[in-house]
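Taking this note's numbering, the leading residue of the sequence shown gets 2, the next gets one more, and so forth.
Among the hints, a few may not be true.
Unchecked claim - Here are the simulated EDC-like pairs of lysine to aspartate or glutamate, each with C-alpha atoms no more than 16 Å apart in a straight line:
{"hint": "1", "residue 1": "Lys86", "residue 2": "Asp292"}
{"hint": "2", "residue 1": "Lys398", "residue 2": "Glu132"}
{"hint": "3", "residue 1": "Lys174", "residue 2": "Asp340"}
{"hint": "4", "residue 1": "Lys30", "residue 2": "Glu184"}
{"hint": "5", "residue 1": "Lys79", "residue 2": "Glu98"}
{"hint": "6", "residue 1": "Lys299", "residue 2": "Asp178"}
{"hint": "7", "residue 1": "Lys128", "residue 2": "Asp111"}
{"hint": "8", "residue 1": "Lys79", "residue 2": "Asp97"}
{"hint": "9", "residue 1": "Lys92", "residue 2": "Asp284"}
{"hint": "10", "residue 1": "Lys225", "residue 2": "Asp243"}
{"hint": "11", "residue 1": "Lys233", "residue 2": "Glu247"}
{"hint": "12", "residue 1": "Lys138", "residue 2": "Asp235"}
{"hint": "13", "residue 1": "Lys398", "residue 2": "Glu411"}
{"hint": "14", "residue 1": "Lys30", "residue 2": "Glu288"}
{"hint": "15", "residue 1": "Lys350", "residue 2": "Glu336"}
{"hint": "16", "residue 1": "Lys225", "residue 2": "Asp87"}
{"hint": "17", "residue 1": "Lys30", "residue 2": "Asp243"}
{"hint": "18", "residue 1": "Lys86", "residue 2": "Asp235"}
{"hint": "19", "residue 1": "Lys299", "residue 2": "Glu172"}
{"hint": "20", "residue 1": "Lys101", "residue 2": "Asp111"}
{"hint": "21", "residue 1": "Lys286", "residue 2": "Glu184"}
{"hint": "22", "residue 1": "Lys101", "residue 2": "Asp136"}
{"hint": "23", "residue 1": "Lys92", "residue 2": "Asp82"}
{"hint": "24", "residue 1": "Lys57", "residue 2": "Asp82"}
{"hint": "25", "residue 1": "Lys138", "residue 2": "Glu75"}
{"hint": "26", "residue 1": "Lys225", "residue 2": "Asp82"}
{"hint": "27", "residue 1": "Lys128", "residue 2": "Glu64"}
{"hint": "28", "residue 1": "Lys86", "residue 2": "Glu229"}
{"hint": "29", "residue 1": "Lys101", "residue 2": "Glu75"}
{"hint": "30", "residue 1": "Lys30", "residue 2": "Glu188"}
{"hint": "31", "residue 1": "Lys286", "residue 2": "Glu24"}
{"hint": "32", "residue 1": "Lys350", "residue 2": "Asp142"}
{"hint": "33", "residue 1": "Lys343", "residue 2": "Glu329"}
{"hint": "34", "residue 1": "Lys343", "residue 2": "Asp142"}
{"hint": "35", "residue 1": "Lys299", "residue 2": "Asp277"}
{"hint": "36", "residue 1": "Lys398", "residue 2": "Asp239"}
{"hint": "37", "residue 1": "Lys92", "residue 2": "Asp277"}
{"hint": "38", "residue 1": "Lys330", "residue 2": "Asp340"}
It is worth saying that the hints were derived from the structure and are not from the lab.
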Amino acid sequence: MKKSLLAMIVAAGAMQAGATSYEFDVTLKGYQGEATSSVSYSGQIARHALHNSLKKMVSQGDEAAMLQYLSGTEEGRKLLDPVSKDGFAIKQSSIDELSKGKDLLSSAYDGVITGWPGNPTGQELLKQLVELAADSKQGYDPVNGYDYVQLVSKFAMGAVFYNKAVNHYLEEKLEADQHPNNEAYKEGVPYTGKEHVWDEAFGYFGAPAHGLELTAEEVVQITKQNPEYFAKADANGDGVVDLKSEMAFAHAYYAASIDASAGTNYFHTIMQAFVDGRQLIADAKGERLTDEQRTELKGYAATIATAWQQVIAEAAFKYAGSVYSDLEKIAAVEEAHGDVSKSFRNYVKHWGELKGFALALEAAGRDLGKAQANLDRLIGFSPVLFGDAQVVAQNGKGEFVQASAGSMQEYKLNMIKVQNLLAQSFDLKAKLGDKTGGMSDVLKQIDAAGKSAEND
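Hey, can you work out the whole structure from these sequences and the hints?
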């Protein structure tokens, strides 16, 4: 596949900055080992593999097995996804081959999540979702409208990867007294403190090290393990894809997917900022970063954090549109007196993706202000169910409590408001599945049904 003009421009910019791949030599003064690379983020890739594997387990209903991938640290855990397939060989087959002793739960956001009943912390919510999934049938709860596969996955990506990268490594860890660049990160390693801090943030984004050499579509197809793109993934030509450096995960995939569909530039913007920031650190040659250098580094970090947040908001925007479309299909099937079970299942799935991404926006500890409160209210604690019911709370036994919440037609209007809110609050560029032009039609439908809609 030919590179797009955009990808070539990005690659050219990387050349000027001194690097086209996330690979950098050792700069640590006094290092006596044999390593030639100072890059290390295998622990983050292990957590990506844990997330992917957990997602596979959620639909199987085995709580003990799910907890192995959520909070376990024992050796011998099998890699469930990604795994080798015809035409797309994966180098690793176990979590330990990536990094030992890693889990997801302990790295998750420990602040309050207001968008779920009971205001749990991010860690409490992840564990609760796994417990609820175990009590459901294949991760699906049609009574309350929950798809736990989607809720666990989308929230975990935000609560762990996004949170740790933007609220930890790209913020507090960039301060002068945190892991200085003129010292090893820890004894015996070939990288400096600031090199490793930056690497860990990059690892959580989930991009291949050679991401600047790839188009957005190529990144998407690599994530999907399309055999036609194996050569694009196998950057070193050794016949296998190394998950540590050649695979795409999580938000890197979503950024590329949005770009491939909308012609935006989220993936390469984030990737370029990571490479440029790492080049700045490498150019310091193992010396302590000056205030001016740290200021410039924080500029790259801000670019990453802003674009990363937009990627999550873009995904939520898209799935709000999907929920809107699902509600239209449900109405059409009901009018034709057909079976709505398939349409309802899609509706619950897309709502889980919307809600998971919306909750992820909360999971970086960044003040979203009124936008967060309005997202919570408009999306609610569940989709609007048949009978115009919606989850409004949990009781003392942990059971969900439902109450009347207006019609599905009114909830369609909420999805338009969600899209408007996301677009305005986060300056979105792609806006895939935009339904905001249909507000007047929905209002007419509600009026025709003799109902009123609150205009938040």
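Structure-based check of all given hints:
1. Lys86 / Asp292: Violated - the C-alpha atoms of aspartate 292 and lysine 86 are around 49 Å apart, more than 16 Å.
2. Lys398 / Glu132: holds (14 Å)
3. Lys174 / Asp340: violated (54 Å)
4. Lys30 / Glu184: Between lysine 30 and glutamate 184 the Cα gap is close to 8 Å, so the pair holds against 16 Å.
5. Lys79 / Glu98: Holds. Lysine 79 to glutamate 98 sits at ~10 Å (cutoff 16 Å).
6. Lys299 / Asp178: Status holds; Cα separation ~15 Å.
7. Lys128 / Asp111: holds (12 Å)
8. Lys79 / Asp97: Distance of about 8 Å is within 16 Å: holds.
9. Lys92 / Asp284: violated (32 Å)
10. Lys225 / Asp243: holds (15 Å)
11. Lys233 / Glu247: Holds - the C-alpha atoms of glutamate 247 and lysine 233 are around 9 Å apart, at most 16 Å.
12. Lys138 / Asp235: violated (38 Å)
13. Lys398 / Glu411: violated (31 Å)
14. Lys30 / Glu288: Holds: lysine 30 and glutamate 288 sit about 8 Å apart, inside 16 Å.
15. Lys350 / Glu336: Given that 16 Å is the threshold and the Cα spacing comes to 22 Å, the pair is violated.
16. Lys225 / Asp87: Judged against 16 Å, a Cα distance of about 13 Å means the pair holds.
17. Lys30 / Asp243: Violated, because 29 Å separates the two Cα atoms, which is more than 16 Å.
18. Lys86 / Asp235: The given pair, whose Cα atoms are some 14 Å apart, holds under the 16 Å limit.
19. Lys299 / Glu172: Holds, at roughly 8 Å.
20. Lys101 / Asp111: Violated, because 23 Å separates the two Cα atoms, which is more than 16 Å.
21. Lys286 / Glu184: Holds, at about 11 Å.
22. Lys101 / Asp136: violated (30 Å)
23. Lys92 / Asp82: holds (12 Å)
24. Lys57 / Asp82: The hint holds at about 7 Å.
25. Lys138 / Glu75: Not satisfied, since the Cα-Cα distance of roughly 27 Å exceeds 16 Å.
26. Lys225 / Asp82: Cα-Cα ~11 Å, so holds.
27. Lys128 / Glu64: Given pair lysine 128, glutamate 64 holds - Cα atoms ~10 Å apart, limit 16 Å.
28. Lys86 / Glu229: Roughly 12 Å between the alpha carbons, so the hint for lysine 86 and glutamate 229 holds.
29. Lys101 / Glu75: holds (8 Å)
30. Lys30 / Glu188: With a Cα-Cα distance of about 13 Å, the restraint between lysine 30 and glutamate 188 holds, given a limit of 16 Å.
31. Lys286 / Glu24: Measuring from Cα to Cα gives roughly 15 Å; hence the hint holds.
32. Lys350 / Asp142: Holds, at about 10 Å.
33. Lys343 / Glu329: holds (13 Å)
34. Lys343 / Asp142: Given that 16 Å is the threshold and the Cα spacing comes to 14 Å, the pair holds.
35. Lys299 / Asp277: holds (12 Å)
36. Lys398 / Asp239: violated (54 Å)
37. Lys92 / Asp277: violated (29 Å)
38. Lys330 / Asp340: The hint holds at about 11 Å.
Against the hints set out earlier in the document, violations occur for numbers 1, 3, 9, 12, 13, 15, 17, 20, 22, 25, 36, 37.
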